[in-house]
Amino acid sequence: MRQEIAVLAELADERYKIVQEDLETYIPQSKDNDKKGSKAELLLARKREELSNVWLEQLRQEKELLAALADAKQKHRQSEKQRKVFLSLALAGSVVVILTLAGSRFQAVSQFRQAVINEIKAVSASSKALFAYHKQLDALQKGIRAAKKLEASNWADAQTKAQVQTALQEAVYKIKERNRLQGHTHGVYSVSWSSDDRLIASASADNTIKLWGTDGELIKTLSGHGDRVTSVSFSPDGRLIASASWDGTVKIWRRSSLLQAGKKLQPFTLLEGHDEEVLSVSFSPDGRAIATASRDGTVKIWRRDGKLLTTLEGHAGPVTSISWSPDGQYLVSGSADKTIKVWRRNGDLLNTLEDHGDQVTSAAWSPVGDRIASASLDKTVKLWSPQGELINTFRGHDDSVFSVVFSPDGKTIASGSRDNTVKLWSLQGRLLYTLMGHSDWVSSVTFSPDGKTLVSAGRDNTIELWTIDKTWLTTLKGRAGAVNGVSWSRDGQMIATAHTNNILKLWQPDGTLIGTLQGHAERVNAVAWRPQSQAIASASQDKTVKLWQRDGQILQTLAGHEDSVLGVSFSPDGQTIASASRDKTVKIWQEYGTLLRTLEGHDGPVNWVSFSPDGQTIASGSEDNTVKLWT
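Per my numbering, the very first residue in the sequence shown carries number 1; after that it's consecutive.
Keep in mind the hints are simulated off the structure, nothing from the lab.
Predicted, not measured: the structure shown is a model, and the values here were computed from it.
A few of these clues could be false.
[Claimed, not checked] With a Cα cut of at most 25 Å, we get these calculated SDA-like pairs of lysine to any residue: (1) 338 with 428; (2) 379 with 355; (3) 584 with 553; (4) 379 with 328.
[What the hints assert, rightly or not] Simulated restraints on C-beta separations: (5) 488 with 317: 27 to 35 Å; (6) 311 with 508: 51 to 59 Å; (7) 572 with 217: 50 to 58 Å; (8) 594 with 449: 25 to 33 Å.
The beta carbon of each residue, even a glycine, is placed where N, CA and C say it ideally should be.
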């Protein structure tokens with residue numbers, strides 16, 4: 001519009017200039033002709049009239065042009081006003097859109113963060129559930145996954161962090177399953193550990209033997225048998241491996257050739273002579289002889305070059321297990337005929353042990369040769385003298401027991417059962433620990449040569465490695481009342497126990513009694529160590545909580561409950577104590593004895609109390625069937 005107005009103005013100016021030039025040119029000529037009279041005057045008048053008309057036309061055109069200019073300016077101002085209104089509306093709309101988008105983005109980010117937190121909580125809860133179902137290694141894996149997600153999500157709330165930390169700590173500190181070897185496609189019948197602690201051999205119903213590193217790496221698979229491999233055994237020097245199979249043969253393999261890359265796997269000796277499936281194989285302690293047990297009811301002794309030395313006959317059913325005495329002069333065999341037989345190496349039968357109510361599935365000699373352990377389908381483990389005396393019967397499995405073995409130091413017996421568990425026993429028959437991780441029958445158990453690891457094989461196609469902590473196997477003995485509570489010191493160097501006869505006892509992990517703490521007037525119900533110190537808190541039937549030094553000196557007595565104190569717990573920083581009582585309350589105390597707060601809300605006795613790992617929340621459990629969280 002501005003360009004069009006400018007052009008019109010320029011045209012008007014040009015027209016005016018032309019008329020003005022014509023007039024100026026004509027006037028001098030008219031003056032020269034003045035003498036010629038009226039004709040010239042008439043001509044001049046006409047020129048002036050023409051000039052006036054031109055001037056009027058110019059003025060009219062200018063007026064029209066100015067009107068057009070004014071109208072154009074008015075329209076331009078209206079256009080500018082409309083444009084500003086439009087821009088204002090557009091700007092306002094943009095702000096709304098931006099705010100809407102920002103709100104949507106904020107909502108999306110919030111939803112994403114909540115989804116991540118929910119996932120972390122779900123993984124953490126899964127870890128705790130797996131641990132509750134005794135899937136310890138799976139629980140640890142889930143706990144680590146939750147912790148990694150938490151680390152990558154720094155906006156997670158304190159409750160989520162505490163939940164993950166608790167689940168991971170439970171999995172880490174309570175886990176006993178060290179590793180899991182997976183690779184067999186059918187049940188695993190037998191496992192054997194090399195004497196140098198470097199290899200594990202496993203025998204499976206998938207017709208193979210697998211060699212594993214103790215870190216879980218599969219090193220080699222041996223596929224030479226035509227049927228299930230039922231038993232595998234390393235020679236004492238670890239150089240040979242013997243495998244027994246349902247194909248009726250025993251194969252001897254050289255370890256050195258098996259570990260050579262690209263070398264064809266072939267047994268260097270084949271033992272053939274049994275009429276039916278071979279169920280067990282074992283090297284003699286000197287490594288010169290091999291004993292085999294078969295479904296044909298016999299035990300055969302071979303030289304390792306394959307020559308048959310002797311056949312032991314006497315069982316009335318399949319021979320399921322064979323084991324050498326430590327000196328190599330005797331053998332013990334277990335059979336489906338419900339008996340255990342003791343033989344001389346030359347084949348003479350010395351004793352028959354009879355007391356099992358069903359088939360004997362496994363028999364083992366103790367490391368010092370003074371005991372024999374047997375397992376049976378009658379759900380028991382029995383301990384015998386070689387002379388045939390029944391020393392003890394271990395009851396605790398819920399189903400058939402398939403395998404039994406002594407620890408290298410001879411102080412512990414491990415048994416594997418159809419109830420999917422491995423149990424550890426003292427020689428006195430006390431159940432020390434139950435290892436739960438298999439999802440099907442446990443068919444074989446054996447200790448590592450150093451006794452620090454137990455390996456078990458199951459029909460779930462897996463081999464489990466378990467860390468053996470000697471503290472599991474320690475019995476704390478001392479004349480005291482029944483134990484109501486127990487607590488480890490934070491450094492793991494001491495154990496405190498609370499007793500019904502009003503005392504506390506302090507122990508070393510090896511079972512040595514360090515001291516006895518006396519001061520309560522009634523039974524002690526619970527005990528807790530203070531973090532980062534040697535102080536101890538105890539809860540008693542006498543309605544008090546006492547704080548102790550480990551030398552037995554009482555530091556404080558916290559009195560305020562109206563009934564028995566049933567539980568006690570320190571906060572993670574050790575500066576606060578929570579106590580739970582039969583009076584239905586939880587009390588919070590300063591470490592020096594000042595009562596800070598009383599938590600009321602339970603409808604029944606409060607049996608226990610515990611701080612969250614971050615110290616911000618307290619959980620209490622009551623006989624009113626509820627757990628309450630307090631902040």
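Results of checking the hints against the structure:
{"no.": "1", "hint": "338 with 428", "verdict": "holds, 23 Å"}
{"no.": "2", "hint": "379 with 355", "verdict": "holds, 13 Å"}
{"no.": "3", "hint": "584 with 553", "verdict": "violated, 30 Å"}
{"no.": "4", "hint": "379 with 328", "verdict": "violated, 29 Å"}
{"no.": "5", "hint": "488 with 317: 27 to 35 Å", "verdict": "violated, 49 Å"}
{"no.": "6", "hint": "311 with 508: 51 to 59 Å", "verdict": "holds, 53 Å"}
{"no.": "7", "hint": "572 with 217: 50 to 58 Å", "verdict": "violated, 39 Å"}
{"no.": "8", "hint": "594 with 449: 25 to 33 Å", "verdict": "violated, 57 Å"}
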